[in-house]
Amino acid sequence: MRVRPLPVRRLGDRLRQLGQDVRFATGRLRGRRPSPTIARPVRSHRGEPRPSRSIQPRPVEVVRVVRETPDAVSLYLREAGGAPLAFRPGQFLSFDVETGGRVHRRAYSLAHAAVPGREAHVTIKRVEGGKVSNHLNDHAAVGMRLRVLGPSGSFTLDETAEHLVLVAGGSGITPIASIAETALLAHPASRVTLIYGNRSEADIIFRERLARLADEHPERFRLAHVLEAGATDATAATAGRLDGPTLMARLEALTHADDAGTRYYVCGPSGMMDAVRTALVAAGVPTGRIREERFARPEERTSVGPELGAQRVTLRVDGRELELVTDGDTLLEAGLAAGATMPFSCAMGGCAACRVKVVEGQVVMEEPNCLTAEERAEGYVLACVGRAASPCVVEVEG
Amino acid sequence: MDPENLLKILPDPVRHRVEPYFDALEVMTSVKDPKVLASLGPASVRGLVFQRGKQGQPTLIPATHDAYFDWSYPSDQPEMLELYRRAKEGQWNGETYLPWATDVDPLDPEVPVIPEHFLNFDAFEEFGVKLDARERAQLRADMLAWQLSQFLHGEQGALLAAAQVTEAVQFFDGKLYGATQVVDEARHVEVFHRYLDTKLEKLYQINDNLFVIIDALMGDSRWDMKFLGMQIMVEGLALGAFGTLYKLTKEPLLKELLRNVIQDEARHVHYGVLALREHVNHHLGEGERREREDWAFEVAVLMRNRFRAYEVYEEWFEHKLTRKQWQHVVDTSPGMQEFRHVMFSRLVPNLREIGLLSDRIRPHYDRVGLLRYMEGKAAHEVTGDQMLAELDGRPQLSAA
Chain A
17 MRVRPLPVRR
27 LGDRLRQLGQ
37 DVRFATGRLR
47 GRRPSPTIAR
57 PVRSHRGEPR
67 PSRSIQPRPV
77 EVVRVVRETP
87 DAVSLYLREA
97 GGAPLAFRPG
107 QFLSFDVETG
117 GRVHRRAYSL
127 AHAAVPGREA
137 HVTIKRVEGG
147 KVSNHLNDHA
157 AVGMRLRVLG
167 PSGSFTLDET
177 AEHLVLVAGG
187 SGITPIASIA
197 ETALLAHPAS
207 RVTLIYGNRS
217 EADIIFRERL
227 ARLADEHPER
237 FRLAHVLEAG
247 ATDATAATAG
257 RLDGPTLMAR
267 LEALTHADDA
277 GTRYYVCGPS
287 GMMDAVRTAL
297 VAAGVPTGRI
307 REERFARPEE
317 RTSVGPELGA
327 QRVTLRVDGR
337 ELELVTDGDT
347 LLEAGLAAGA
357 TMPFSCAMGG
367 CAACRVKVVE
377 GQVVMEEPNC
387 LTAEERAEGY
397 VLACVGRAAS
407 PCVVEVEG
Chain B
6 MDPENLLKIL
16 PDPVRHRVEP
26 YFDALEVMTS
36 VKDPKVLASL
46 GPASVRGLVF
56 QRGKQGQPTL
66 IPATHDAYFD
76 WSYPSDQPEM
86 LELYRRAKEG
96 QWNGETYLPW
106 ATDVDPLDPE
116 VPVIPEHFLN
126 FDAFEEFGVK
136 LDARERAQLR
146 ADMLAWQLSQ
156 FLHGEQGALL
166 AAAQVTEAVQ
176 FFDGKLYGAT
186 QVVDEARHVE
196 VFHRYLDTKL
206 EKLYQINDNL
216 FVIIDALMGD
226 SRWDMKFLGM
236 QIMVEGLALG
246 AFGTLYKLTK
256 EPLLKELLRN
266 VIQDEARHVH
276 YGVLALREHV
286 NHHLGEGERR
296 EREDWAFEVA
306 VLMRNRFRAY
316 EVYEEWFEHK
326 LTRKQWQHVV
336 DTSPGMQEFR
346 HVMFSRLVPN
356 LREIGLLSDR
366 IRPHYDRVGL
376 LRYMEGKAAH
386 EVTGDQMLAE
396 LDGRPQLSAA
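Residue numbers (our numbering), protein chains in the order written: chain A, 17 to 414; chain B, 6 to 405.
Since the hints were derived computationally from the structure, they do not count as laboratory data. We put the CB at the ideal spot given by N, CA and C, even for glycine. One or more hints might be untrue.
[As the list claims (entries may be wrong)] List time: in silico SDA-like cross-link candidates among lysine to any residue, alpha-carbon distance up to 25 Å:
| hint | chain 1 | residue 1 | chain 2 | residue 2 |
| --- | --- | --- | --- | --- |
| 1 | B | Lys255 | A | Gly133 |
| 2 | B | Lys255 | A | Ala102 |
| 3 | B | Lys252 | A | Arg44 |
| 4 | B | Lys329 | A | Thr85 |
| 5 | A | Lys147 | A | Thr85 |
| 6 | B | Lys325 | A | Val119 |
| 7 | B | Lys329 | A | Arg46 |
| 8 | B | Lys93 | A | Gln72 |
| 9 | B | Lys252 | A | Ala99 |
| 10 | B | Lys207 | A | Arg48 |
| 11 | B | Lys135 | A | Thr53 |
| 12 | B | Lys255 | B | Asp110 |
| 13 | B | Lys325 | A | Arg44 |
| 14 | B | Lys180 | B | Thr388 |
| 15 | B | Lys93 | A | Val143 |
| 16 | B | Lys207 | A | Phe40 |
| 17 | B | Lys207 | A | Arg44 |
| 18 | B | Lys325 | A | Gly43 |
[To be verified] To be clear about the criterion: a stretch of chain B counts as covered by chain A if any three or more of its residues have a C-beta under 8 Å from a C-beta of chain A, and this derived list gives those stretches:
| hint | segment |
| --- | --- |
| 19 | 57-66 |
| 20 | 103-111 |
| 21 | 204-217 |
Could you build all of it, start to finish, from the sequences and the hints given here?
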């Protein structure tokens, strides 16, 4: 048997609809017609996209592939829809690349100058045994679609600097080249000194681009190559390994004098970076004027995860407290999944956009990451690589 | 007396008031088959005379279909299961996947949202209507907003119809697939609405003829009629419209939006072909098959003849042009011609594939000039990528 749903009410609905129909049909005959457009209610989408609720990368397309050296390849990228990629020189993109059935996340710095008309690209050097760098060097092709997050990172051009001293080793040149070229093109009052170390001449990335910049800006740009092997007069390079003494000798040869308007940017292998930092500090450069970008080889990174077990986390965010249970997932993953508004950018421990404060309990992070010793001492952790190892109270600072 | 001539002798203000009724009358008199008239007639009255879609209040359309349960969970349609799998992998987030930060200026001549020649501006001149460059740009932007508004309303129809179809379909694998289509349609509503709301900042009312089709198939109790209406006809219309706009627009956000939507829509039509091919060829009697064949023909003609942006006409030209003159402008506009071409080159082969283009009906298609699309590829033979490649004018890989 069929139950009739509230026949009286339905009859009332029908009658009302009939009345409305008749009004519309006769209104038209009297010359009234509905407006062709709909008066829009209050906008439901305001301005820029709201912070994402999940760590979801966006697609970019490879539009050109340029081999820079036998071991390094540049991928020119186009954002979906062709929108220009806004970034600050020195920043990087996080790439999710699938090889061997797994998705790996890697950071690659944008190498082009942040001036209009330059095509966005990253340059990727083979890492021995590196899954992603070798995959991209071997298989990158026009039309390939990659998924990215960012740009991220605070290793960026200080526009107030009068003199930029840039120290790069190997593929560390990518953010450095972007910083150098942007400063030369967009900040005419600045001067740039670049010391660039490589194994041999064949390993020099952007060799011609750097030489051209030196030709075009002879008064403002000084360039010195350091080569471990094969330094000749023709290469105009110093022989040796780029370490503290070599750096200081090169700077001295260039009659460099440190002053308060000088900023130092260092990017390269960690051994080189440690040596350079030590030498600069010994020469009396305050650490506040030294900026470093460290990319750990992913193979060297510690991983922490499921062995931590389920932990209760209280997340203070947006002026309220959210109770979560994390089960091996990061604070960022767990927070976003619970609907919290949490800032993040690179999602791989490289930019500190997701920094949160641990009020109570223990959080372990994948190491190394970009958090400074001072920040650690104050109780900060990176939510994107941090996992609760005990019950915790964590605060997302507005 | 011929209604056409009657209209001509009426004074302008009176003619404007009665023209829509003549339109409705034309639909009903052009449908010859009484069964088809029984399906489309009441919907035409509700849509064209009462203008239910424009009454400024939510519309209630009673559902009459049966929800079909199967507690044995049969593996009945491997091809639909494959579509289900592809649909799951093809999901995308409309909020983060599209470059919403793109600045859209619909009047910017450097980045035309639709090309200069989309409308036949010469025809306006012939009818004595002068438009300066700015007015032309504004009119093009409004035509785009009208089209996208109809997409949006159509997608709302698709969202609710996909949910009904998922309830009613009698293949279990079809139900699983159908759920992904419901999500797809919700995403399309989301992205079209957001584009109109934040970029064009304009929203047109639903076109009365689109309302008629949605009303007719939402209220029909037969699941295969819903399929035919939604999956083949309305989705076919959508693919035609999206494809044309994708091909013509230079606006990067819209292009990317349409690219992603087309990929989804290609699956939807494919599903319609799979379900109906089986049903029409093996489960329907000849009488029932004929009825559907006639219904599809009438709706195809309705779609060909009646998407004429009358809402834009009312806003811009109500006192400058007659509806007949506006019809002429629209019918001779290259953009609208392209739209019909893309639409029917997808739709007609699909009707052939599901068995609704028998020798009996072909002369009718021939009469209205649609039989030339007969030899094209049906949905199960073309992927979304191939459709996009065709629209881009890229060389295509041979179809598998």
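Against the structure, the hints come out as follows:
With a CA separation close to 19 Å, the supplied pair lysine 255/B and glycine 133/A stays within the 25 Å bound. Among the hinted pairs, lysine 255/B with alanine 102/A is consistent with the structure: their alpha-carbon atoms are about 21 Å apart, no more than 25 Å. Annotation: proposed proximity of lysine 252/B to arginine 44/A is violated, straight-line Cα distance about 38 Å (limit 25 Å). Taking the CA atoms of lysine 329/B and threonine 85/A, the gap is about 67 Å. The hint is violated against a cut of 25 Å.
The straight-line distance between the Cα atoms of lysine 147/A and threonine 85/A is roughly 19 Å, inside the 25 Å bound, and the hint therefore holds. Of the pairs offered as hints, the one joining lysine 325/B and valine 119/A is violated, with about 61 Å between alpha carbons and a cut-off of 25 Å exceeded. Distance hint between lysine 329/B and arginine 46/A is fulfilled; the C-alpha atoms sit about 21 Å from each other, no more than 25 Å. For the suggested pair lysine 93/B and glutamine 72/A, the alpha carbons sit about 16 Å apart, so the restraint of at most 25 Å is met.
Restraint check: the Cα-Cα separation between lysine 252/B and alanine 99/A comes to about 18 Å, which is no more than 25 Å; the hinted pair holds. Of the supplied pair hints, the one linking lysine 207/B and arginine 48/A holds, its CA atoms being roughly 22 Å apart against a limit of 25 Å. Of the pairs offered as hints, the one joining lysine 135/B and threonine 53/A holds, with about 24 Å between alpha carbons and a cut-off of 25 Å not exceeded. A distance of roughly 12 Å separates the Cα atoms of lysine 255/B and aspartate 110/B; the hinted pair therefore holds under the 25 Å criterion.
Annotation: proposed proximity of lysine 325/B to arginine 44/A holds, straight-line Cα distance about 19 Å (limit 25 Å). In summary, the hint linking lysine 180/B to threonine 388/B is supported, as the alpha carbons are separated by about 21 Å, within the 25 Å threshold. The hinted pair formed by lysine 93/B and valine 143/A fails the criterion: a straight-line CA distance of about 35 Å is larger than 25 Å. Simply put, lysine 207/B and phenylalanine 40/A have alpha-carbon atoms about 24 Å apart, close enough for the 25 Å limit, and the pair holds.
For the hint linking lysine 207/B to arginine 44/A, the alpha-carbon distance of about 24 Å falls within 25 Å, and the restraint holds. Between lysine 325/B and glycine 43/A the alpha-carbon distance is near 22 Å, which keeps this suggested pair within the 25 Å criterion. For a cut-off of 8 Å, the count of residues in the segment 57-66 of chain B with a CB near a CB of chain A stands at 6, and the three-residue condition holds. A stretch counts as covered by a chain when three or more of its residues have a beta carbon under 8 Å from one of that chain; for the segment 103-111 of chain B and chain A the count is 5, and the coverage holds.
Only residues whose beta carbon comes within less than 8 Å of a beta carbon in chain A count, and the segment 204-217 of chain B has 5; three or more means the coverage holds.
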